[in-house]
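Undergrad: The residues making up each chain are set out below.
There are 2 protein chains.
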Amino acid sequence: MEKTQSFIASNKNRFLNELFDLLRIPSVSADKKFKSDVIKAAEFLAQKLMAAGMDNVELMQTEGNPIVYGEKIIDTTKPTVLVYGHYDVQPADPYDLWVSPPFEPIVRDEKIWARGACDDKGQTYMHVKAIESMIVNDELPCNVKVIIEGEEEVGSSNLSPFLKKYKEKLKADVVLISDTSMIANDCPSITVGLRGLSYLEVEVVGCNRDLHSGVYGGAVANPINVLCEMIASLKDENKHITIAGFYEDVRELSADERKALNLRPFNLEEYKKELKLTDVEGEKDFTTLERVSIRPTVDVNGIWGGYIGEGAKTVLPAKASAKISMRLVPNQQSQKISELFATHFKKIAPKSVTVKVTAHHGGEPVITPTDTVAYRAAAKAMEKTFGIVPLPGYEGGSIPIVASFETILGLKTVLFGFGLDTDALHSPNENYGLFNFYKGIETIPYFYKYYAEMS
Amino acid sequence: MEKTQSFIASNKNRFLNELFDLLRIPSVSADKKFKSDVIKAAEFLAQKLMAAGMDNVELMQTEGNPIVYGEKIIDTTKPTVLVYGHYDVQPADPYDLWVSPPFEPIVRDEKIWARGACDDKGQTYMHVKAIESMIVNDELPCNVKVIIEGEEEVGSSNLSPFLKKYKEKLKADVVLISDTSMIANDCPSITVGLRGLSYLEVEVVGCNRDLHSGVYGGAVANPINVLCEMIASLKDENKHITIAGFYEDVRELSADERKALNLRPFNLEEYKKELKLTDVEGEKDFTTLERVSIRPTVDVNGIWGGYIGEGAKTVLPAKASAKISMRLVPNQQSQKISELFATHFKKIAPKSVTVKVTAHHGGEPVITPTDTVAYRAAAKAMEKTFGIVPLPGYEGGSIPIVASFETILGLKTVLFGFGLDTDALHSPNENYGLFNFYKGIETIPYFYKYYAEMS
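Sequence order for the protein chains is W and F.
If you count the first sequence from 1, position 144 lands on 159 in this note's numbering, and the numbers rise without skipping.
If you count the second sequence from 1, position 302 lands on 317 in this note's numbering, and the numbers rise without skipping.
Please note that the accuracy of each hint is not assured.
Copies of the same chain are indistinguishable here, so a pair counts whether it falls within one copy or spans any two.
Stated by the list, open to error - List of simulated lysine-lysine pairs, PhoX-like, C-alpha gap at most 25 angstroms:
no., residue 1, residue 2
1, 371, 288
2, 399, 55
3, 291, 361
4, 250, 366
5, 361, 288
6, 287, 361
7, 366, 291
Since the hints were made in silico from the structure, they are not lab data.
Produce the entire structure from the sequences given, and follow the hints as far as they go.
TA: As structure tokens, then:
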């Protein structure tokens with residue numbers, strides 16, 4: 016990989032400028048008004064895959080946003096890596112909390128600042144450039160197929176049908192995804208566990224219209240108060256979730272497993288300081304590392320109701336709403352948990368209101384194996400470029416499609432992420448270290464090398 | 016009052032058209048962007064007071080919106096009525112729930128539909144037209160002074176300083192206000208009790224920024240969940256408020272008083288049907304009529320936090336906020352209750368968050384006497400035009416300035432309202448019956464007549 020590495024070294028500025036062009040496209044999949052930008056981002060990546068020397072590049076249509084496809088088959092007797100990434104990003108609001116505008120990327124303090132800088136444009140683009148570098152220098156040691164989707168941030172609902180439809184076309188030996196983080200720049204890791212997700216929207220309706228809180232207050236249910244009471248009751252005083260059957264399928268780790276998990280470097284005081292927290296809060300009898308990885312959660316992601324403008328309005332509102340999500344752990348099932356939640360939420364509603372529950376997307380929790388050639392190749396590649404053997408890591412986020420790759424394509428995944436927990440994914444001021452972006456581009460070719468050699 | 020009544024009968028259309036002109040001005044005091052409309056409404060009323068034949072009409076400046084003043088002194092040995100009204104209105108949002116636009120008044124089903132149709136432009140304008148009718152026909156039997164303010168819906172914070180400053184100018188014998196409702200069109204009533212108000216805004220802050228709910232969920236306090244828990248804890252299972260000391264000053268009514276209060280016609284099934292409620296909800300051991308009149312409340316008027324746009328965003332937000340108000344009853348004090356709330360709310364906050372509490376305006380609960388000449392004159396006037404002796408009534412709303420008239424000017428108030436509870440004050444589709452508007456204009460002159468005769 017010598018020529019490849021020296022090519023990377025001499026093209027760093029160009030790689031970064033190209034990523035900036037991609038980051039300037041506000042491809043927010045959750046909001047219809049960005050629809051044309053979503054398409055623009057897909058077209059941009061297709062063009063870059065072609066420029067990288069990939070073949071049969073196309074925008075493959077789905078019922079939602081297109082999936083960018085490209086391949087380079089050098090020898091059908093060699094193994095094939097299927098790279099997955101996504102070009103859509105989370106909404107950037109609240110915009111006023113960004114130090115620099117979310118879709119005007121900039122380098123500051125050795126970091127790239129923009130929505131999608133890490134999740135997942137930055138990490139996806141590492142692969143595009145690593146593949147280009149290997150193809151251009153004739154050092155690609157095995158076959159590669161790339162799919163980059165545009166609906167990851169809204170639940171990837173069209174990916175499974177796509178995988179089913181193109182099972183033959185997507186035939187491969189392993190899936191490689193960079194959409195996770197490492198423990199630290201001096202403590203690389205490969206993610207082996209991910210939480211799943213159930214995401215629902217609830218609406219509590221009291222009266223048929225907004226009422227004067229003086230005339231009716233005290234006699235008529237206030238949907239905001241009721242919603243608050245219902246949400247509050249979802250956890251008990253130990254922050255244990257009260258939904259009937261919620262913990263039924265949760266895999267409890269052994270004492271040894273929990274001990275191993277807690278070995279990773281973690282300083283609670285630094286964690287609190289970095290987040291400017293007065294204190295952490297979570298399920299009793301579990302550590303912070305456990306709470307964010309092997310334990311399920313319920314969080315309100317958004318709430319609204321009544322008068323939220325300037326000043327005071329004495330209204331008793333007709334309704335109140337919330338977006339509520341649960342992070343799931345093996346062996347919980349997203350659909351089952353969503354149904355348990357809906358049943359529970361309707362059951363705890365007082366007679367004085369009516370409740371609507373709508374399910375958004377979900378995703379299954381995942382454990383990826385460490386005893387595969389692909390995992391060993393990834394670990395060896397990281398050891399090569401970082402000079403440190405990476406740790407296996409558990410992450411709290413969800414990549415629902417990992418389960419789909421396994422069930423539909425029969426493929427194991429390597430979660431080869433180069434981000435950090437401090438990259439502010441989904442938050443204002445998302446960022447991605449230049450170190451991480453370049454280290455990713457340098458490390459990926461070694462994965463191909465070792466994977467081809469060891470297969 | 017014969018000439019006056021016949022003048023009213025022949026000018027009904029003009030009176031209504033003028034009110035429509037006033038209703039077209041969106042004088043929303045809570046929102047700065049309507050500032051120029053607020054002034055426009057004041058100027059409109061000043062012009063109409065002059066046209067009505069009043070003297071010394073002017074816009075009197077305050078630190079906020081101006082107060083419209085006018086007077087007609089016919090004989091300094093006769094008693095003086097001080098009329099109070101307000102020309103500002105509540106915000107009209109949510110606009111999409113209005114059948115016809117809030118600032119385009121229209122008559123439909125014998126009712127005037129517009130923001131302010133009743134509260135308080137419609138009711139205030141009855142006085143302007145009644146006074147005009149008496150002056151024009153030379154039948155005004157005593158002196159009258161009018162003040163119409165523009166900050167009632169945001170707490171009347173500049174009215175008390177105004178009353179103090181112009182104590183001499185505002186010298187009178189009784190205050191007459193139409194800003195309340197009657198029990199029904201065939202059951203007229205005069206309000207003798209009003210609830211007070213404490214209104215606060217709270218903010219719960221967790222982390223210093225929005226977080227990814229997957230990466231941090233379960234280990235870091237979610238300010239929305241925490242706010243919900245705090246709000247839920249404000250009432251116990253009997254809907255009794257848990258704030259320490261909250262009920263300390265509440266005047267408990269005697270069994271006889273409660274019995275009398277519950278004598279007024281009230282049909283719970285019709286009430287539920289009219290509001291499309293599945294059930295009522297309120298403090299245990301009190302009737303609906305009691306819950307909305309002689310018992311204090313706590314209601315969330317607005318709540319917001321996290322992602323409230325389209326679709327799903329897996330954010331663990333940095334903060335959540337709510338507007339919370341309490342309706343107070345005699346002898347609770349607004350300032351004391353606001354302080355008790357703030358202390359309590361900070362005390363119940365978990366260590367994992369910080370809490371800010373800001374007080375908006377408040378107002379004192381009121382009981383007006385029934386044993387005065389003014390009350391008897393008002394009752395006799397209603398009996399004259401309705402053919403029915405009015406009942407004394409308790410209302411759930413607040414008119415904080417009634418207490419100010421008593422403490423600053425030493426004046427008792429007659430709450431001479433002609434609205435109905437179904438007028439949708441503060442709600443979309445506010446309306447005011449043509450019957451009520453005209454009946455008010457006809458009844459008011461008789462009040463002057465009997466008040467002058469009985470004084």
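Undergrad: Now, for every hint given, state plainly whether the structure supports it.
TA: Going through the hints against the structure:
1. In the homo-oligomer, the alpha carbons of residue 371 and residue 288 lie at most 25 angstroms apart only across protomers (21 angstroms), although the nearest pairing inside one protomer, at 40 angstroms, exceeds that limit.
2. Taking the closest pair of Cα atoms, residue 399 and residue 55 never come within 25 angstroms of each other, the shortest separation being 36 angstroms inside a single copy and 75 angstroms across copies.
3. Taking the shortest Cα distances, residue 291 and residue 361 sit within 25 angstroms of each other only across copies (19 angstroms), while inside one copy they are farther apart (37 angstroms).
4. Taking the closest pair of Cα atoms, residue 250 and residue 366 come within 25 angstroms of each other both inside a single copy (21 angstroms) and across two copies (17 angstroms).
5. When the C-alpha separation of residue 361 and residue 288 is checked against a cutoff of 25 angstroms, the pair qualifies only between copies, where the shortest distance is 22 angstroms, while the shortest distance within a copy is 39 angstroms.
6. Only between protomers do residue 287 and residue 361 lie at most 25 angstroms apart by alpha-carbon distance; the minimum there is 21 angstroms, versus 36 angstroms within a single protomer.
7. In the homo-oligomer, the alpha carbons of residue 366 and residue 291 lie at most 25 angstroms apart only across protomers (13 angstroms), although the nearest pairing inside one protomer, at 41 angstroms, exceeds that limit.
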